[in-house]
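Undergrad: Chain by chain, the residues run as shown.
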Amino acid sequence: MKLKTGDGAKGGKAVPDINLIFKIAGVGILISVLNMVLKQAGKEEQAQMLTLVGVIVVLFMVIQLIQRLFTEVRAVFGL
Amino acid sequence: MEILPFLGMTLITVVLLNLLRRDAPEMAVMLSIGAGVIIFLRLVGRLTELVAAFNYLALRAKIDHLHLQTVLRVMGVAYLAGFGAQICRDAGESSLGIKLELAGKIIILFLAVPIMVAIMEMILRLL
Numbered sequence: 008m009k010l011k012t013g014d015g016a017k018g019g020k021a022v023p024d025i026n027l028i029f030k031i032a033g034v035g036i037l038i039s040v041l042n043m044v045l046k047q048a049g050k051e052e053q054a055q056m057l058t059l060v061g062v063i064v065v066l067f068m069v070i071q072l073i074q075r076l077f078t079e080v081r082a083v084f085g086l
Numbered sequence: 006m007e008i009l010p011f012l013g014m015t016l017i018t019v020v021l022l023n024l025l026r027r028d029a030p031e032m033a034v035m036l037s038i039g040a041g042v043i044i045f046l047r048l049v050g051r052l053t054e055l056v057a058a059f060n061y062l063a064l065r066a067k068i069d070h071l072h073l074q075t076v077l078r079v080m081g082v083a084y085l086a087g088f089g090a091q092i093c094r095d096a097g098e099s100s101l102g103i104k105l106e107l108a109g110k111i112i113i114l115f116l117a118v119p120i121m122v123a124i125m126e127m128i129l130r131l132l
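Residue numbers (our numbering), protein chains in the order written: chain V, 8 to 86; chain P, 6 to 132.
Hints are supplied without guarantee of correctness; some may be wrong.
[Unchecked claim] Beyond 10 Å from chain V on every Cβ pair, some chain P residues (computed):
{"hint": "1", "residue": "T18"}
{"hint": "2", "residue": "A29"}
{"hint": "3", "residue": "D95"}
{"hint": "4", "residue": "G97"}
{"hint": "5", "residue": "S99"}
{"hint": "6", "residue": "G102"}
{"hint": "7", "residue": "L105"}
{"hint": "8", "residue": "L114"}
{"hint": "9", "residue": "V118"}
{"hint": "10", "residue": "I120"}
{"hint": "11", "residue": "R130"}
[Stated by the list, open to error] The list that follows gives simulated cross-link-like pairs (lysine to aspartate or glutamate, EDC-like), each with its CA atoms no further than 20 Å apart:
{"hint": "12", "chain 1": "P", "residue 1": "K110", "chain 2": "P", "residue 2": "E126"}
{"hint": "13", "chain 1": "V", "residue 1": "K30", "chain 2": "P", "residue 2": "D28"}
{"hint": "14", "chain 1": "V", "residue 1": "K46", "chain 2": "P", "residue 2": "E98"}
{"hint": "15", "chain 1": "V", "residue 1": "K50", "chain 2": "P", "residue 2": "D28"}
{"hint": "16", "chain 1": "V", "residue 1": "K30", "chain 2": "P", "residue 2": "E98"}
{"hint": "17", "chain 1": "V", "residue 1": "K46", "chain 2": "P", "residue 2": "E31"}
Worth flagging that the hints you see were computed from the coordinates, not collected in a lab.
Treat the numbers as computed from the prediction; the structure is a model and nothing was measured.
Backbone N, C-alpha and C define an ideal beta-carbon position, used for all residues, glycine too.
Next up, chain V with everything else stripped away, as it sits in the complex:
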C-alpha cells in the first residue's frame, strides 16, 4: 500500500490557493482606504454603506469556502 502525496485536487475541482487570500485582503484594503476618503469628505453614511457592501462581498467568498470545507470534512471523516 503506497501513499500518494499531492494536493487534494479531486474531481477536477481546483484547490483554492493564495490568490483567494490576496482577493479578500485586497477588498479589505480597498474598502478601508475608500472609507477613509469618504470620512474625510464628511460622507459618513456612504462610508457605512460601503463597509457593509464590502463585508457582504467578502462574506460570499468565505461562505463558498466554508461550504467546501464542510463537504470535504464530511467526505473524509465520514460524518
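With chain V's structure known, arrange chain P on it following the hints.
TA: Chain P only, in chain V's frame:
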C-alpha cells in the same frame, strides 16, 4: 519540502492580517477564516490517503470497522470544534468559543457511547 507553500502562505496572511486588523477588523476575521479553510483544503488530499491507509490496516488487523469509523468521526468533530473556537477567540469572542468547545466535547462523548458499551460488554463477558 512540502511545508514551504504552507509556510509562505501563512506568513503572507499574517502580514495582511496585521494590515487589516487596525482599519477593518471584520475583514481581518474573514481573512483568517479563509486562510484556515484554504490550508485545510490543501491538506485534504493527504488526509484522504491517510484515512485509506488506516482503513487498510484495520482491515488487515480484522478490527471492527465501526470502531475506526467512530475514531475518525471524533477526529472530525474535534477538528471542526477547535477551528471554530479559535476563530471565535481571534475575533475577541472567547466566551462563545468556549461554548463551541463544550458542544464539541458533548458530541464527542455522545459518539463514543457505542465503544464504551462494547468495552463494558466485553468486560462482562470475561467475568
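Undergrad: Hint by hint, note whether the structure agrees.
TA: Against the structure, the hints come out as follows:
no.: 1; hint: T18; in the structure: violated (6 Å)
no.: 2; hint: A29; in the structure: violated (4 Å)
no.: 3; hint: D95; in the structure: holds (14 Å)
no.: 4; hint: G97; in the structure: holds (17 Å)
no.: 5; hint: S99; in the structure: holds (21 Å)
no.: 6; hint: G102; in the structure: holds (17 Å)
no.: 7; hint: L105; in the structure: holds (15 Å)
no.: 8; hint: L114; in the structure: holds (16 Å)
no.: 9; hint: V118; in the structure: holds (16 Å)
no.: 10; hint: I120; in the structure: holds (15 Å)
no.: 11; hint: R130; in the structure: holds (28 Å)
no.: 12; hint: P:K110 to P:E126; in the structure: violated (24 Å)
no.: 13; hint: V:K30 to P:D28; in the structure: holds (17 Å)
no.: 14; hint: V:K46 to P:E98; in the structure: violated (28 Å)
no.: 15; hint: V:K50 to P:D28; in the structure: holds (17 Å)
no.: 16; hint: V:K30 to P:E98; in the structure: violated (26 Å)
no.: 17; hint: V:K46 to P:E31; in the structure: holds (18 Å)
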